[in-house]
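Asker: Residues per chain, in single letters:
There are 2 protein chains.
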Amino acid sequence: YEPTVLVHGGAGDVSDAAIPNKKLGVKLAARKGFEILRYTGSVLDAVEAAVNSLEADPNFNAGYGSVLNWDGEVEMDAAIMNGADLSAGCVSLARDIINPISLARRIMESTKHRYIAGPGAMRIAEQEGFNLLPPGALITEAAIKALQDYKNSLNATQTQKGVVYGSPGTVGAVAIDACGNVAAATSTGGLTGKLPGRIGDSPILGGGTYADNESGAVSATGHGETIMRYNVVARMLALVEHGNYTAQEAAVQVLEQMTQRFNETAGIIAVDYRGQLGIYFTSNRMSWAYQRGNQVHFGVDAGEDEIEFGEPRTTDN
Amino acid sequence: YEPTVLVHGGAGDVSDAAIPNKKLGVKLAARKGFEILRYTGSVLDAVEAAVNSLEADPNFNAGYGSVLNWDGEVEMDAAIMNGADLSAGCVSLARDIINPISLARRIMESTKHRYIAGPGAMRIAEQEGFNLLPPGALITEAAIKALQDYKNSLNATQTQKGVVYGSPGTVGAVAIDACGNVAAATSTGGLTGKLPGRIGDSPILGGGTYADNESGAVSATGHGETIMRYNVVARMLALVEHGNYTAQEAAVQVLEQMTQRFNETAGIIAVDYRGQLGIYFTSNRMSWAYQRGNQVHFGVDAGEDEIEFGEPRTTDN
Chain Z
23 YEPTVLVHGG AGDVSDAAIP NKKLGVKLAA RKGFEILRYT GSVLDAVEAA
73 VNSLEADPNF NAGYGSVLNW DGEVEMDAAI MNGADLSAGC VSLARDIINP
123 ISLARRIMES TKHRYIAGPG AMRIAEQEGF NLLPPGALIT EAAIKALQDY
173 KNSLNATQTQ KGVVYGSPGT VGAVAIDACG NVAAATSTGG LTGKLPGRIG
223 DSPILGGGTY ADNESGAVSA TGHGETIMRY NVVARMLALV EHGNYTAQEA
273 AVQVLEQMTQ RFNETAGIIA VDYRGQLGIY FTSNRMSWAY QRGNQVHFGV
323 DAGEDEIEFG EPRTTDN
Chain A
23 YEPTVLVHGG AGDVSDAAIP NKKLGVKLAA RKGFEILRYT GSVLDAVEAA
73 VNSLEADPNF NAGYGSVLNW DGEVEMDAAI MNGADLSAGC VSLARDIINP
123 ISLARRIMES TKHRYIAGPG AMRIAEQEGF NLLPPGALIT EAAIKALQDY
173 KNSLNATQTQ KGVVYGSPGT VGAVAIDACG NVAAATSTGG LTGKLPGRIG
223 DSPILGGGTY ADNESGAVSA TGHGETIMRY NVVARMLALV EHGNYTAQEA
273 AVQVLEQMTQ RFNETAGIIA VDYRGQLGIY FTSNRMSWAY QRGNQVHFGV
323 DAGEDEIEFG EPRTTDN
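Here the protein sequences come in this chain order: Z and A. Every number in the numbering used here is 22 more than the matching position in the first sequence, counting from 1. Every number in the numbering used here is 22 more than the matching position in the second sequence, counting from 1.
Take these hints with a grain of salt, some might be off.
One copy or two, either will do: identical chains are not told apart, so a pair holds if it fits within one copy or between any two.
The list that follows gives simulated cross-link-like pairs (lysine to aspartate or glutamate, DMTMM-like), each with its CA atoms no further than 20 Å apart [unchecked claim]:
1. 167 <-> 107
2. 134 <-> 150
3. 134 <-> 95
4. 134 <-> 93
5. 167 <-> 150
6. 173 <-> 95
7. 173 <-> 236
The hints are simulated quantities; they were obtained by calculation from the structure and are not laboratory data.
Chain Z on its own, in the form it takes in the complex:
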């Protein structure tokens, strides 16, 4: 297997103006994840580091820069999973921490539970020494404006309604090492204007995130409610496991079927147990990037595959 770290920065209506920052962010995250994979050899460390990079980047809807719920607050979901032993950690309704994916990992490693939400999750964060930020610290001007625009759109004429609804920018990563070990991670602020307490697909194992060395690792993004009910990641891996599909073929089939049936869109990044990558979306755009060897591939539009060469970033530069 060729060690690879593949990330996404969310599926949806990415504006032309947003593209440069999105591309920079996913490339940086893929490089950081790949660097960690080379140094620690751990796919779990790699996907965590890649997602941490995107959580700290205000251009993505995760950690700092998360969108706001109806009450103007940030409530975040995340999940991380290790394909070698199916260990996993999930968190929902996380607040005031910049790296929910690291809290998900701590839930996995420090508790006997796999999924903790709300104040109980923040209690773990406190016990585990997470930096608890003051309320509002994760909120950006862009997030405030997006909520305002969303609320205004509800009073607008029917044709304008929902135009700004949807919040591209969920982030995720999958990785594979030379031995075929895979891992997956997804982190999100959810949907602008969501009801408080709403949980999307990202923290749902088999919904938005899953990893199993015997089939592959997947992170999904898009309309969370639809991804959850269609069980997108589980359906995709079932095609790989039982139908002998490649990651790419399975991603195409599941997303096309979902979009046809429910008229909602989504995107997937995946690496299957053979080491083959899958990158597909039925939304207008999805930012993604991966590093394999000394190549970084990336894109935002359908069919786009840009390549940057050169040495992988090291800790020295």
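Given chain Z, work out where chain A should sit, using these hints.
Answerer: Same frame as chain Z, now just chain A:
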């Protein structure tokens, strides 16, 4: 298809003394669900009614009689799903209502979200006119004693540790109508002594609950953390859909593999798209019952299949 309502009352170490009440409870729930199926014709109504019956019964770990978390409080999970259109509703960290499954259904029908947890979920309950009980109203003497026993066991010698851990009594139902429409529902108080905020497999679509007319309807019970990470219900339905397994064959294979790999046990009830039932558990016991025509089948021990004949219960008796 032969209309059928199949329920379970939880997998685990059911004591001999508890068996009579468990059998009564699951039989009553199967009859109630079947009666509703006959009168309204809706599999969704049927699984909701069957689970409501078990939620109101203190002999099961759902609604009234739910087990307590580490802080001595009840936090409940539930999910309901309709196989015809994959509509679904999920709730976590529900408090002070006797019927979390009905709140899950209301989340499905009254919001644009599929999963809401914590105070946000209770806000929906209030808006939808649920009867909000005073704090502690769902707590039984048995639940208090179970938490005390659990805490005591943590101070006991190694060999005694964990003896009372685990809380059989999660409840669930699946149903099929004459046209092949299926539905599934699961409701639980979780694990005795769980950390506050802990979420198990029950509300996770593809984890503990799923329904799709094209494959079948399933409700799982047992060690939630393991069921979630192994994605038990999604794996089982993949065997039905891609491997041409019956519900029973698929339940056996998935649960045997899970128990072998993780040394934790679980149980499944299922009806597949052909109308065939699956009832299987790797735990010591699981209470279950179903009504089909004028027969009610039920059991608790492996291989047990008792039958009661006679007219289905009607609203008059």
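Asker: Next, verify each hint and record whether it holds.
Answerer: Status of the hints after comparison with the structure:
1. 167 <-> 107: Answer is neither: 43 Å inside a copy and 35 Å across each miss the 20 Å cutoff.
2. 134 <-> 150: For residue 134 and residue 150, only the intra-copy Cα distance (15 Å) is at most 20 Å; the inter-copy one is 35 Å.
3. 134 <-> 95: Between copies, since 19 Å is at most 20 Å while 29 Å is not.
4. 134 <-> 93: between (32 Å within a copy, 16 Å between copies)
5. 167 <-> 150: For residue 167 and residue 150, the Cα distance exceeds 20 Å both inside one copy (34 Å) and across copies (31 Å).
6. 173 <-> 95: within (14 Å within a copy, 36 Å between copies)
7. 173 <-> 236: neither (45 Å within a copy, 38 Å between copies)
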